[in-house]
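The chain contents come next:
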Amino acid sequence: MKAFRNFLSKQRPKFQKGGKFGALQSTFNGIETFLYVPNHTTKSGSHLRDAIDLKRTMSIVVIALVPALLFGMYNVGYQHFLSVNELASQSYLEIFWFGFLKVLPLIVVSYVVGLGIEFFVAQKRGHEINEGFLVSGLLIPMVMPVEAPLWMVAVATAFAVIIGKEVFGGTGMNIWNPALLARAFFFFAYPSKMSGDAVWIADKADAFSGATPLANAAAGVDIPSFSSMFYGFIPGSIGETSTLAILIGAVILIVTGIGSWRIILSVFTGGMVMGLILNGFAVNPFMEIEAWNHLVMGGFAFGAVFMATDPVTASQTRTGKYIYGLLVGVFAVLIRVLNPAYPEGMMLAILLMNTFAPLIDHFVVQSNINRRLKRAKVNA
Amino acid sequence: MSRTLKLKKGLDIKLMGKAKAEKVQVGKAEYYAVKPTDFHGLTPKLAVKVEHEVKAGTPLFFDKYNPEVKFVSPVSGKVVAINRGDRRKLLEVVIKADAENAYETVNPISADAGAEDIKACLLQNGVWPFIKQRPYDVIANAEDTPKCIYISCFDSSPLAADNEFALRGEEKYFQAAIDTLSKLATGGVYLGLNASTKGNSIFEGMKNVNVNYFSGKHPVGNAGVQLHHVNPISKGEKVWTLRPQDAVIIGRLVLDGKYDPRKVVALTGSELNETAYCEMISGANITDVIKPRLKNEVNQRIISGNVLTGTSIAEDSYLGYYDNQITVIPEGDEYEMFGWIMPGFNKFSASKTFLSSLLPKKEYKLDANFHGEPRAFVVSEQYEKVLPMDILPVFLLKAILVDDIDKMEQLGLYELAPEDMAVCEFVCTSKTEVQQIMWRGIDLMIKELGQ
Chain R
1 MKAFRNFLSK QRPKFQKGGK FGALQSTFNG IETFLYVPNH TTKSGSHLRD AIDLKRTMSI
61 VVIALVPALL FGMYNVGYQH FLSVNELASQ SYLEIFWFGF LKVLPLIVVS YVVGLGIEFF
121 VAQKRGHEIN EGFLVSGLLI PMVMPVEAPL WMVAVATAFA VIIGKEVFGG TGMNIWNPAL
181 LARAFFFFAY PSKMSGDAVW IADKADAFSG ATPLANAAAG VDIPSFSSMF YGFIPGSIGE
241 TSTLAILIGA VILIVTGIGS WRIILSVFTG GMVMGLILNG FAVNPFMEIE AWNHLVMGGF
301 AFGAVFMATD PVTASQTRTG KYIYGLLVGV FAVLIRVLNP AYPEGMMLAI LLMNTFAPLI
361 DHFVVQSNIN RRLKRAKVNA
Chain L
1001 MSRTLKLKKG LDIKLMGKAK AEKVQVGKAE YYAVKPTDFH GLTPKLAVKV EHEVKAGTPL
1061 FFDKYNPEVK FVSPVSGKVV AINRGDRRKL LEVVIKADAE NAYETVNPIS ADAGAEDIKA
1121 CLLQNGVWPF IKQRPYDVIA NAEDTPKCIY ISCFDSSPLA ADNEFALRGE EKYFQAAIDT
1181 LSKLATGGVY LGLNASTKGN SIFEGMKNVN VNYFSGKHPV GNAGVQLHHV NPISKGEKVW
1241 TLRPQDAVII GRLVLDGKYD PRKVVALTGS ELNETAYCEM ISGANITDVI KPRLKNEVNQ
1301 RIISGNVLTG TSIAEDSYLG YYDNQITVIP EGDEYEMFGW IMPGFNKFSA SKTFLSSLLP
1361 KKEYKLDANF HGEPRAFVVS EQYEKVLPMD ILPVFLLKAI LVDDIDKMEQ LGLYELAPED
1421 MAVCEFVCTS KTEVQQIMWR GIDLMIKELG Q
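So the sequence lines, in the order shown, correspond to chains R and L.
So the first sequence is numbered by this note's numbering: it starts at 1 and just counts up by one.
So the second sequence is numbered by this note's numbering: it starts at 1001 and just counts up by one.
The reader is advised that the hints may include incorrect statements.
To be verified - Simulated pairs of lysine-lysine, DSSO-like, Cα-Cα distance not exceeding 27 angstroms: (1) L:K1352 with L:K1365; (2) R:K43 with L:K1018; (3) L:K1006 with R:K374; (4) L:K1006 with R:K377; (5) R:K43 with L:K1365; (6) L:K1018 with L:K1217; (7) R:K43 with L:K1089; (8) L:K1352 with L:K1217; (9) L:K1291 with R:K377; (10) R:K374 with L:K1238; (11) L:K1447 with R:K43; (12) L:K1398 with R:K124; (13) R:K43 with L:K1198; (14) R:K43 with L:K1291; (15) L:K1020 with L:K1198; (16) L:K1147 with R:K374; (17) L:K1235 with R:K374; (18) L:K1385 with R:K374; (19) L:K1198 with R:K377; (20) L:K1009 with R:K2; (21) L:K1023 with R:K374; (22) L:K1009 with L:K1217.
Stated by the list, open to error - What follows is a set of in silico ranges between Cβ atoms, one per label pair, in the way DEER data are often shown: (23) L:K1014 with R:K10: 36 to 44 angstroms; (24) R:K124 with L:L1401: 19 to 27 angstroms; (25) R:S367 with L:G1236: 21 to 29 angstroms; (26) R:L359 with L:K1020: 49 to 57 angstroms; (27) R:V62 with L:N1200: 46 to 54 angstroms.
Just so you know, the hints here were simulated from the structure itself, not pulled from any lab data.
Every residue gets a Cβ at the ideal spot worked out from N, C-alpha and C, and that includes glycine.
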């Protein structure tokens, strides 16, 4: 190990400005800091620093995504064998393996394209490679239909990383959640591959209906039971079907303090409240669906736990988080029920609220300023 | 009408190496230095040359723009070196001490002296720099009349000296300083006491003061945090602050008529064989005190002050002007393979992403490693959790970064000193240089609006 460390240290000068591979400095740093926490020590200010860094923060989110991802892989196999009527003859492992092979290419494409762009831009601008895409790169395949063509995923990822993030200055500067932006791009650019009933189940038998619960609800057809939607044995985007697996992730995020429980809670509250309001004024079958079903249908839970909580694009003040979360929940259910053209309201609701998060923060900050001014007047 | 305030937010960094509650005798140091770099924003002008003989209380240099603010020699002896850095920046005025200390004569402050007489005496005899002003945490401007003078009697920062122990026996000097200083402010002197010492604090017998009690985690002991809750500073207002040990030195000037900057210093940190308290004179060379106690197991960092706000100094350097603590920690200039993903039982973090968060009582041996690389602000509400004030620190820092004076003012720069934000700097995932940014804002404010 020591020899390897020495080898790396010896290589470093070559990758520094003026060195043989000076142009690849960011890449070298990216790889080196991935392998080793650097030996930098504090120069100014506090002599001690917290052990946490952005790499660890992002890794925790990735770990929290794993239950939903594994279940998603299993469900891909499950839905496939269900549609071709071979479920009984397959073992759990075979079902999972089928799904694994279907999902892996999507993950690879997303990471290769996204990290490729990330490395390239960092190199060009001469800054460090940011960790943000570690999470986005996994989120993107998880919100795609399993039958999404790989090149389309690549284009959507490229769009999200370049237009959604790099033009604003990289991780920490973006306005919209990159993963959702990828999905939104995909949704509007290639609608036939992101809606209908053919894309959600891998190698589906033609006779089998592959509609998602949301599509069923919009069409006025009966939706699956609450429990099957909660456990997640339903067609849908890869990672979003199992509310149970998502909640395991939510627990990891909340216990480690990485995800804001305030946002998660208020998104669910907002969705529930809007569902109840719609129940009260119900004039069609979709409006009559019991409110709690909205929380387990479509990408609601996934969006609430993994997308709305993105610290960069959400509100950054405490009060702001409650307002932001509530409105995400309200708009998600509102859009999905009252606008039949967009079955997945969650994606649009979060992107909309991403846009307005700075405005919410503005008012919260202003109220802090006003408190201070008022205090000064009272004293004077 | 004392109040007890419970502050919920904050962070205690639990370090190994707290000073044992015993005073050890150390010999008198041979060399002493006064460092202009201890005073933020000061442009010093020398008053002595090498070979000059000085007494304790003889001015060594003064503030070029406020010549009445003088910085004096802590001991009598001979100026042996004037050390300069880049662009001839004055770094140290070094004095070799006489065996026997001789003091400059001080014209005593009479009991009915007015504010101007008191100020003149404090300025002339070198104790004025102990008094700092809020806003900005720089040396107070003698032309102001502050709305109050505030002394936080306890220090909540990591491994800090316990004033109850260190200043025991100095009560009469402390009282003398209070009586003198209270004539300088319209609202008198405020003390902030640790709620856990209620009933048996040496500061409770003080007269002529407003006392409030505070409980909570660091930075609860900072004057800025306490002021925010009992007497907040708005635009145009001034408050003067000082540290208890410095008040005692002012008290000695008043009662004994001499500049006698002895203080009890806590020797702390995980890399010392023996932690203790010892009496040192301000600016003393630390070699004889620190060197025999070093463990020398790994590369070490010696800090004059605490780990959050102190200054890194060499083994043969001098104690800082405001410091009553020396901390020695491991330097931590080592690589750690996959350090960012390890479970981390020995790592301290305010976040709960390390398994060490399951051991709330554990004390840590922490090093000065950066633990990552600087990034843009990503995580939100991280600073708010450790700053017990109604302030939005990240928005303030962003206002400073874009030089927006109006916003800095509105978001509370007048109430915050860099030291109050040091713990924010510690917890930051993005490794933002918070204190440096705060100073940048303060420097801009002073430049544009005056002190």
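Structure-based check of all given hints:
With a C-alpha separation of about 18 angstroms, the suggested pair K1352 of chain L and K1365 of chain L falls inside the 27 angstroms cut-off, and the hint holds. For the suggested pair K43 of chain R and K1018 of chain L, the alpha carbons sit about 24 angstroms apart, so the restraint of at most 27 angstroms is met. Distance hint between K1006 of chain L and K374 of chain R is fulfilled; the C-alpha atoms sit about 23 angstroms from each other, no more than 27 angstroms. Between K1006 of chain L and K377 of chain R the alpha-carbon distance is near 26 angstroms, which keeps this suggested pair within the 27 angstroms criterion.
In summary, the hint linking K43 of chain R to K1365 of chain L is supported, as the alpha carbons are separated by about 19 angstroms, within the 27 angstroms threshold. Simply put, K1018 of chain L and K1217 of chain L have alpha-carbon atoms about 16 angstroms apart, close enough for the 27 angstroms limit, and the pair holds. For a cut-off of 27 angstroms, the pair hint linking K43 of chain R to K1089 of chain L stands: about 19 angstroms separates their Cα positions. Restraint check for K1352 of chain L and K1217 of chain L: the C-alpha separation of about 17 angstroms stays at or below 27 angstroms, so the hint holds.
At roughly 55 angstroms between alpha-carbon atoms, K1291 of chain L and K377 of chain R are farther apart than 27 angstroms, so this suggested pair is violated. A C-alpha spacing of about 18 angstroms is found between K374 of chain R and K1238 of chain L, which places the hinted pair at or below 27 angstroms, so the restraint holds. Under the criterion of a C-alpha separation no larger than 27 angstroms, the hint pairing K1447 of chain L with K43 of chain R is consistent with the structure, at around 26 angstroms. For the hint linking K1398 of chain L to K124 of chain R, the alpha-carbon distance of about 26 angstroms falls within 27 angstroms, and the restraint holds.
For the hint pairing K43 of chain R with K1198 of chain L, the CA-to-CA distance comes to about 39 angstroms; that exceeds 27 angstroms, so the pair is violated. Taking the CA atoms of K43 of chain R and K1291 of chain L, the gap is near 23 angstroms; set against the 27 angstroms cutoff, the hint holds. Distance hint between K1020 of chain L and K1198 of chain L is fulfilled; the C-alpha atoms sit about 22 angstroms from each other, no more than 27 angstroms. A C-alpha spacing of about 19 angstroms is found between K1147 of chain L and K374 of chain R, which places the hinted pair at or below 27 angstroms, so the restraint holds.
At most 27 angstroms may separate the alpha-carbon atoms for a hinted pair to count; K1235 of chain L and K374 of chain R meet this at roughly 12 angstroms. For a cut-off of 27 angstroms, the pair hint linking K1385 of chain L to K374 of chain R stands: about 24 angstroms separates their Cα positions. This hinted pair does not check out: K1198 of chain L and K377 of chain R have alpha carbons roughly 34 angstroms apart, beyond 27 angstroms. A distance of roughly 42 angstroms separates the Cα atoms of K1009 of chain L and K2 of chain R; the hinted pair therefore is violated under the 27 angstroms criterion.
At most 27 angstroms may separate the alpha-carbon atoms for a hinted pair to count; K1023 of chain L and K374 of chain R exceed this at roughly 49 angstroms. For a cut-off of 27 angstroms, the pair hint linking K1009 of chain L to K1217 of chain L stands: about 7 angstroms separates their Cα positions. Range check, K1014 of chain L to K10 of chain R: about 39 angstroms between beta-carbon atoms, so the 36 to 44 angstroms window is met. Between K124 of chain R and L1401 of chain L the CB atoms are about 24 angstroms apart, so this pair conforms to the stated range of 19 to 27 angstroms.
In this structure the hint that S367 of chain R and G1236 of chain L lie 21 to 29 angstroms apart at CB holds, the actual value being about 22 angstroms. Checked against the hint of 49 to 57 angstroms, the C-beta distance between L359 of chain R and K1020 of chain L comes to roughly 55 angstroms, which is consistent with it. Checked against the hint of 46 to 54 angstroms, the pair V62 of chain R and N1200 of chain L passes, with Cβ atoms roughly 52 angstroms apart.
Violation of the numbered hints given earlier is confined to hints 9, 13, 19, 20 and 21; the remaining hints are satisfied by the structure.
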